[in-house]
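Enquirer: Sequence:
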Amino acid sequence: MAEYYEPMLYLSTPEHPNTMGAVVTLKEAVDGDILQEVVEELRERFPYFYVRTKPTENDLIPIPNPLPMTVRNTWEPIKLRSEEANYHLAAFKYMGNRLALEMSHSISDGAGFLPYIKSVMFLYLSRKTGQNFDPSGFRLPGSVIPKLEIGDPFSALDIDNAKPPLYQKETLQDFYRMNQAQEKTDRLFCLMLPEKEVMRYCKEIDGSPNVIISVLLARAIRRVDPESEKTVSICVAIDHKALLGNHESYRMFAGTVDLDFPKNRDLSDVMKSCTIARGQVMLQAQSENSLWAMKQRKLRYAKFEQIPLQMKTDIIAKASGNPRWTAAVSYANSRSFGVLDPYIEELYILSEPGVMDMGIEVTCINHKFFLAMSQNFSSDKYFEAFLEELSAAGIPYEIRHKEEAKLSGITAW
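In terms of this note's numbering, the sequence shown has 66 at position 66, counting the first letter as 1, and numbering is strictly consecutive.
FYI, nobody ran anything at the bench for these hints, they're computed from the structure. Bear in mind that the values here come from a model prediction, so they are computed numbers and not experimental data. Hints are supplied without guarantee of correctness; some may be wrong.
Per label pair, the in silico range of CB-to-CB distance [claimed, not checked]:
no., residue 1, residue 2, range
1, 333, 134, 15 to 25 Å
2, 186, 309, 21 to 31 Å
3, 208, 245, 13 to 23 Å
Note that the Cβ used here is the ideal one computed from N, Cα and C, for glycine as well.
Using the sequences and the accompanying hints, generate a full structural model.
Expert: Structural data, given as structure tokens:
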């Protein structure tokens, strides 16, 4: 029986691949041979990312994959878990001075796989530049893999006796849809914002980066469609691991808190709007909520263990096709690559819009914020309105990329 903290591989389906990724832009063209060497060398330190899928009677489980992880000189997507990916659940690609790792989100979350990206860049840049970088803070071959990284991240907690938290917010059912035409055209917009100006604005209007982005996006949606009576629903990603005291585990324990922006709420006062949004976040992002979420996860694992695999994947596929929010905002707190910062120009985290029409992934490095805005429709109107909100806030921005979103999919088990 799979433990409740192990990956649910059946969360990734061909219809809803649930793929995530990281894109790093370097100051020089990527050397594919060095990158391939580094990727294989790190297998020793991160064995849990070098896996393939094994179907059992009631489950899909990850097992070691001895084949090389693919490193391709192209930006075109492939299918993970396929022959083209050597049956891995992750793959690298590069083009010019950009490289990307794409991975099944069922294995890890952003907090869990950023240390791997940093280790890849450490070894790659060490060889590419010939520099002897200080290895402090990097997970490298030969280092000990702590139990908190690969075992039960909550072994010291009494999950079974967790009590319902004092405040639980129900997810809104009837909310505003950006993609009202149900298009199937995924697009990606990448922005760069100066950290100094973003944090200045945070201080001025009592906000945090994810709250500010959520409020400005809600205002942008109202700007585009002022007549709509629908509530704008935006979820903000949280890390249950961190809220419960574990910052080491690679496993997927991302959660969400819900922000609602009803039509009758005046958003003209940004400070007031941010104060309300922060209050909503604080009510939901409590350790007691995370402990309760882990209890529900454990019960769900036990229940799903009794269900045949095909039935299980059918249930997941149906649930994955039901939208739950207007948009999502996630801030993976990378902050810095340390000694590698001078060699890196951009860092973006990518994920599929999935159960919302737009997802905004936020990272910060080299005193710059990078926003990757992915959407499941073709129109630029919400993106342009969001840019107007940034300008009105006095936050300068630079559009770095506008392109078709090309995250890799996944084959059926």
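Enquirer: All hints are to be evaluated individually against the structure, with a verdict given for each.
Expert: Structure-based check of each hint:
1. 333 <-> 134: 15 to 25 Å: Holds, at about 21 Å.
2. 186 <-> 309: 21 to 31 Å: Since residue 186 and residue 309 have Cβ atoms about 28 Å apart, the given range 21 to 31 Å holds.
3. 208 <-> 245: 13 to 23 Å: Since the Cβ atoms of residue 208 and residue 245 sit about 21 Å apart, the hinted range of 13 to 23 Å holds.
Of the numbered hints listed earlier, not one is contradicted by the structure.
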